[in-house]
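Asker: Chain D is already provided as a structure; the job is to place chain A on it using the hints.
Okay, here's what each chain looks like letter by letter:
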Amino acid sequence: MEQLVNKYADKLVKAGLGQTSGPAQPLIGGLDDTLVWNRKADEIHVLENVFKGLTINSLVFLRPKEPYGNLINFLAEGAFNSTPKSFGLIQPKDCETRTFLHDLPVIKEFCADQIVRVLKKRKSVIIAPGKTNDNFKGPAIVAHGTVSPEQGFVTISSVCFASFIKFFTDYLEALQTGTATADAHDLFDSVIPYLAPMQKKFPELIPSPFPTEETVYSAIIEAGQKTVEYGLVDSYFGNVSCLWNGTLYISQTGSSLDELSGCIDPVPMDGSTSAGLTASSELTAHLATISHTGCKAILHGHPKFSVILSMDCDPAEKAACAFNEQCHIKCPKKRFAGSTPIVPGEVGTGPFGLCNTLPQALTQAESAIVYGHGLFTIGKNNFSEAFRTMMEVEDLCRNTYFEKIRFLRKT
Amino acid sequence: MYGWAGNILVIDLTKKSIEIETPGLDVYNRYVGGKGLGGRYLRQCATLPWDHPGMVICIFTGPLTGTISPTSGRAHILSKSPLTGLVGDSSVGGKLATRLKRAGWDGIVIKGKSNTPVGITIKDNRVEFQDATELWGLDTTAVHKKIRPGNASLASIGPAAENGVRFASIIVDRHFAAGRSGLGLCLAQKKIKYLLVDGTGHSKVKDPKKLKEAREDILRLTAASPALMGQFGFTCLGTGAVYDLMDNRRMMPTDNFRHTRFEHASRLNAAAYAKTYEPKKHGCLGCHILCKKIGTSNGQSMAMPEFETMSHFTALIGCMDTKLVVKANERCNSFGMDTISAASTLACRREITGLDYTPDKVLSLLNDMALGKGEGKDLALGATAYAKKMGAPQAAMAVKGMALPAYDPRGACGMALGYALSTRGGCHLRAYPISHEIFRKPVATDRFSFSGKARIIKIAEDLNAVVDSLIACKFTFFAAGLEEYATACEAVTGIETSAQDLLKKGERIYYNERIINALNGFNARDDDLPKRFFTEPGSSTKNIHIPPINRQAFLDAKKKYYTIRGLSPKGLPKKETAQALGLLWNNL
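Here the protein sequences line up with chains D and A, keeping their order. Position one of the first sequence corresponds to residue 1 (the numbering used here), numbered consecutively onward. Position one of the second sequence corresponds to residue 1001 (the numbering used here), numbered consecutively onward.
Hints are computed from structural coordinates only; laboratory data are not their basis. Cβ coordinates follow ideal geometry from the N, Cα and C atoms, glycine included. Be aware that a few hints might be false.
[Claimed, not checked] Under the rule of at most 25 Å between Cα atoms (straight-line distance), these lysine to aspartate or glutamate pairs were calculated in the DMTMM-like manner:
(1) 1542/A - 317/D
(2) 1209/A - 103/D
(3) 121/D - 1021/A
(4) 1323/A - 1356/A
(5) 1210/A - 1021/A
(6) 200/D - 173/D
(7) 85/D - 1496/A
(8) 93/D - 1216/A
(9) 85/D - 1360/A
(10) 52/D - 1576/A
(11) 121/D - 1496/A
(12) 1542/A - 48/D
(13) 410/D - 317/D
(14) 1574/A - 1528/A
(15) 1206/A - 1021/A
(16) 1206/A - 403/D
(17) 93/D - 222/D
(18) 1123/A - 1021/A
(19) 1504/A - 48/D
(20) 108/D - 1501/A
(21) 52/D - 1501/A
(22) 1542/A - 214/D
(23) 1210/A - 325/D
(24) 1373/A - 1360/A
(25) 1504/A - 1207/A
(26) 1542/A - 325/D
(27) 1504/A - 113/D
(28) 121/D - 1501/A
(29) 1212/A - 103/D
(30) 121/D - 48/D
(31) 7/D - 1026/A
(32) 52/D - 1216/A
(33) 334/D - 392/D
[Claimed, not checked] Calculated from the model, a selection of chain A residues having no Cβ within reach of chain D, i.e. all distances over 12 Å:
(34) 1136
(35) 1151
(36) 1228
(37) 1355
(38) 1394
(39) 1556
(40) 1564
Just chain D, with the same shape it has in the complex (with noise of 0.2 Å):
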């Protein structure tokens, strides 16, 4: 347990998401027999509480850092201005939540009967005690697992992310029709500096063609490395996948892309054995886009600004639409990001799945977006390909997105 609390609190200041001194340090608790905490800290004796209230192994506590926190505040604070219905509650629509979380409860008290509260039919709790609690600064996450404590860091990344995508996509529709209130602009401007600047120089990757399987295993590990070290995704999500022989090598499901060894499933293109049971539940994706497109090499991550822009429609189109509260799966208009589609589907193989939609779009362009979710990649012999088409349509989302609200900031 001890190696696991410190194992998850390292990676949450890996992320970007916390920090290794001051109020932002992650705190992480794990209990087999006795709880061991991954550091001393005030908050323990509110939190051990937590523990005897609910059956759980491990909690994660954090106050995320900036802009994390401040889009997290801005937000609670709506959750609380909202309709009864949806009082106290965030609800983001990027598909991770959707899938998920259901949505983002926000309690004002750091106080463990709230929390428990909370926890008993959610996974995390943000506590946001407004500007006039001196006792307990917030904004913080906790997130609790029954497993193991990486399942506390799934969320609170989960958490982050979602906060993220819907503070943006949510400024910019409301610019778009004209309710933007003159804290989201403030808070929109404070924030732009803590955006990490774009990448500008292309990561040279193994070349292919792969000599021998273990540097397909090298290249895929590699290419799940860059893609987190760059920003392309928040390491838990995403997937890789390389064909090589008549085999598909692909990401194992709940996969960390930064630590993809001994995490890559072997899948036969001839369908001769089921080892793909633990593989990425992309892998119907990635095979039919094999099969559509010939490419040996396909990316998967969740670009924050090809999600936003994504989630980006009109909103007089929008109110019009018959499938408006449906987007992630019905949108029935064809739309791009430069020459990139964005199709609309869930996760996995259902009816709605992104498998029905994402290979026949990535037939068209070497990248397409799936709605709210992320950017799939294709490189017809390496990740090289895919990594650079992966950076340019992120750097063109991004700059689209920035040009769209400096003209309606202008207007």
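Answerer: Structure of chain A alone, referenced to chain D:
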């Protein structure tokens, strides 16, 4: 009352009479249904011998049964196991649960004993006893043909149960087995040949809109699960999809667990069956996963073997013939006999005698077991009793008398702990650690470490206990969680509940089973694995090292488990824990 029908049918076979019990909402809410409610009735006669007329057989549904809640079509059957003397229970698919609930019953409790073979027919609130003398001796396929249940659900036993096979099963709707624990023998002992159930009512749901939303959340999550809905997942290849994975992870029990790799595995996998038998999807009523596979050969349809059957009738007994596996599976189901226990007993025999099998010999021994002929009489006792009788108890790869399924515990420490601590003996489903140790859900854990596993096992046991009570299929929990099922439960019953509330109920249900077992003399000595796993390594590769299980690490984890579960160091329930969970206390 929403969710529950409010009526439990109590049948006294001695008197051929029925009573209707109507427990209050408090009882339903505390014990939920399925395993929970059944366990409550079993506790009342916990110390009676399994074949005592006063011993009950419980068949229960749950509050989600008969609703659109995904995978809610399973029933839970309980009694005292003739094989182990422990709580004997099994979750079974088909349409039994749905039909029973629609007939207006949350469950059936059968006590007493008939003097002659009997069939029980339930059509809504009408209960009839039929003379089944003419059916006695027939196999389950023949019984199905004779009775022709149509839309009704038929549960029956075969010759194995009638002839005293300790691991006799109950076969429901031709293809679904309540396989483990010897529950078929419990029915046979009461002279019940079959149970035919039909119902025309509907379950009452408090908030249908909310239930629909919960259903959509669960379906979305299962669609995202490669193990369930992926093209190599259960929906396409059945549970046999696990076969390659176990080979790949060097966890395939081979030669009676003397090795963990079977060199012929790659041509005996699910893909091989798919190619030969072109199986179609089939499953429990209302399920969207449809993991059951029905294949065709020479114009005849047949159930494809489940993963454990595929593995144990090849690697465990040293055979390499898919046709044998299909035939053995068919024969076990017709005779009404648990495939895992049957194959394990054969593997035990092979180790003791040193004699390898031909397919014909395997089939002939299965016949002898079921029909009580010659050597089959001893084999029908199960691996533990057979090995003891042969003077080689170490050759029985079982925990508390129940043979181990097809996951070698040397390849997964959580599985080792889960097997040892299970309240029904060598069972992979009580804690189902394969979920995180192999399938990486909800996240992956280190399969070669005991770190944190004591609490993980305890929480998973609680979870699966309540899942078997709601009822839902455990496979769904590779994808969805209690978070989504709590919403479904709340929508159905109208009673506010959360994932954590359900876990607490699961804890109560599971602790009740520990009490029942303790009342029957089981304690920490029994919570152990066969010695082989601590002394002999598995089949390692350059990259995967399968050492023997570290005995001290295992014992330390077991000790931690007792603390976490609120048991004494001897593995016995404690008064204060029982009372805190609201359970009746007997001095042990």
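Asker: Each hint should be assessed against the structure and marked as holding or not.
Answerer: To see whether the hints hold, each was checked on the structure:
A threshold of 25 Å between alpha carbons decides the hint, and for residue 1542/A with residue 317/D the separation of about 60 Å lies outside it, so the pair is violated. For a cut-off of 25 Å, the pair hint linking residue 1209/A to residue 103/D stands: about 18 Å separates their Cα positions. Proposed proximity of residue 121/D and residue 1021/A is contradicted: the alpha carbons are some 33 Å apart, above 25 Å. For the proposed pair residue 1323/A and residue 1356/A, the alpha carbon gap of about 18 Å is at most 25 Å, so the pair holds.
For the suggested pair residue 1210/A and residue 1021/A, the alpha carbons sit about 30 Å apart, so the restraint of at most 25 Å is broken. Of the supplied pair hints, the one linking residue 200/D and residue 173/D is violated, its CA atoms being roughly 29 Å apart against a limit of 25 Å. The straight-line distance between the Cα atoms of residue 85/D and residue 1496/A is roughly 17 Å, inside the 25 Å bound, and the hint therefore holds. A hinted pair counts as satisfied when its Cα atoms are at most 25 Å apart, and residue 93/D with residue 1216/A qualifies at roughly 16 Å.
For the hint pairing residue 85/D with residue 1360/A, the CA-to-CA distance comes to about 67 Å; that exceeds 25 Å, so the pair is violated. Restraint check: the Cα-Cα separation between residue 52/D and residue 1576/A comes to about 17 Å, which is no more than 25 Å; the hinted pair holds. The straight-line distance between the Cα atoms of residue 121/D and residue 1496/A is roughly 11 Å, inside the 25 Å bound, and the hint therefore holds. Proposed proximity of residue 1542/A and residue 48/D is contradicted: the alpha carbons are some 43 Å apart, above 25 Å.
At most 25 Å may separate the alpha-carbon atoms for a hinted pair to count; residue 410/D and residue 317/D meet this at roughly 22 Å. At roughly 20 Å between alpha-carbon atoms, residue 1574/A and residue 1528/A fall within 25 Å of each other, so this suggested pair holds. Simply put, residue 1206/A and residue 1021/A have alpha-carbon atoms about 23 Å apart, close enough for the 25 Å limit, and the pair holds. Pair hint residue 1206/A plus residue 403/D does not hold up; C-alpha atoms about 50 Å apart against a cutoff of 25 Å.
Of the pairs offered as hints, the one joining residue 93/D and residue 222/D is violated, with about 31 Å between alpha carbons and a cut-off of 25 Å exceeded. Pair hint residue 1123/A plus residue 1021/A holds up; C-alpha atoms about 18 Å apart against a cutoff of 25 Å. The straight-line distance between the Cα atoms of residue 1504/A and residue 48/D is roughly 19 Å, inside the 25 Å bound, and the hint therefore holds. Only pairs whose Cα atoms come within 25 Å are accepted, and residue 108/D paired with residue 1501/A is accepted, the gap being roughly 23 Å.
Distance hint between residue 52/D and residue 1501/A is fulfilled; the C-alpha atoms sit about 14 Å from each other, no more than 25 Å. At roughly 14 Å between alpha-carbon atoms, residue 1542/A and residue 214/D fall within 25 Å of each other, so this suggested pair holds. Taking the CA atoms of residue 1210/A and residue 325/D, the gap is near 17 Å; set against the 25 Å cutoff, the hint holds. For the hint pairing residue 1373/A with residue 1360/A, the CA-to-CA distance comes to about 16 Å; that is within 25 Å, so the pair holds.
At roughly 24 Å between alpha-carbon atoms, residue 1504/A and residue 1207/A fall within 25 Å of each other, so this suggested pair holds. Pair hint residue 1542/A plus residue 325/D does not hold up; C-alpha atoms about 53 Å apart against a cutoff of 25 Å. Between residue 1504/A and residue 113/D the alpha-carbon distance is near 17 Å, which keeps this suggested pair within the 25 Å criterion. Pair hint residue 121/D plus residue 1501/A holds up; C-alpha atoms about 9 Å apart against a cutoff of 25 Å.
A C-alpha spacing of about 17 Å is found between residue 1212/A and residue 103/D, which places the hinted pair at or below 25 Å, so the restraint holds. A threshold of 25 Å between alpha carbons decides the hint, and for residue 121/D with residue 48/D the separation of about 19 Å falls inside it, so the pair holds. Annotation: proposed proximity of residue 7/D to residue 1026/A is violated, straight-line Cα distance about 44 Å (limit 25 Å). For the given pair, residue 52/D sits about 32 Å from residue 1216/A by alpha-carbon distance, which is inconsistent with the 25 Å threshold.
This hinted pair checks out: residue 334/D and residue 392/D have alpha carbons roughly 21 Å apart, not beyond 25 Å. Under the 12 Å C-beta cut-off, the non-interface status given to residue 1136/A relative to chain D holds; the minimum distance is some 42 Å. Even its closest Cβ contact with chain D, about 28 Å, leaves residue 1151/A beyond 12 Å, as expected for a residue assigned away from the interface. Not every C-beta of chain D lies more than 12 Å from that of residue 1228/A, the closest at about 9 Å, which undercuts listing it as non-interface.
Separation of residue 1355/A from chain D is adequate, the least Cβ-Cβ distance of about 32 Å exceeding the 12 Å criterion. In this structure residue 1394/A is separated from chain D by more than 12 Å, as the shortest Cβ-Cβ distance comes to about 31 Å. A cut-off of 12 Å between C-beta atoms contradicts the statement that residue 1556/A is not in contact with chain D; the least separation is 9 Å. With a cut of 12 Å on Cβ distances, residue 1564/A falls inside the contact zone with chain D, its closest approach being about 6 Å.
Hint violations for this structure: numbers 1, 3, 5, 6, 9, 12, 16, 17, 26, 31, 32, 36, 39, 40, all remaining hints satisfied.
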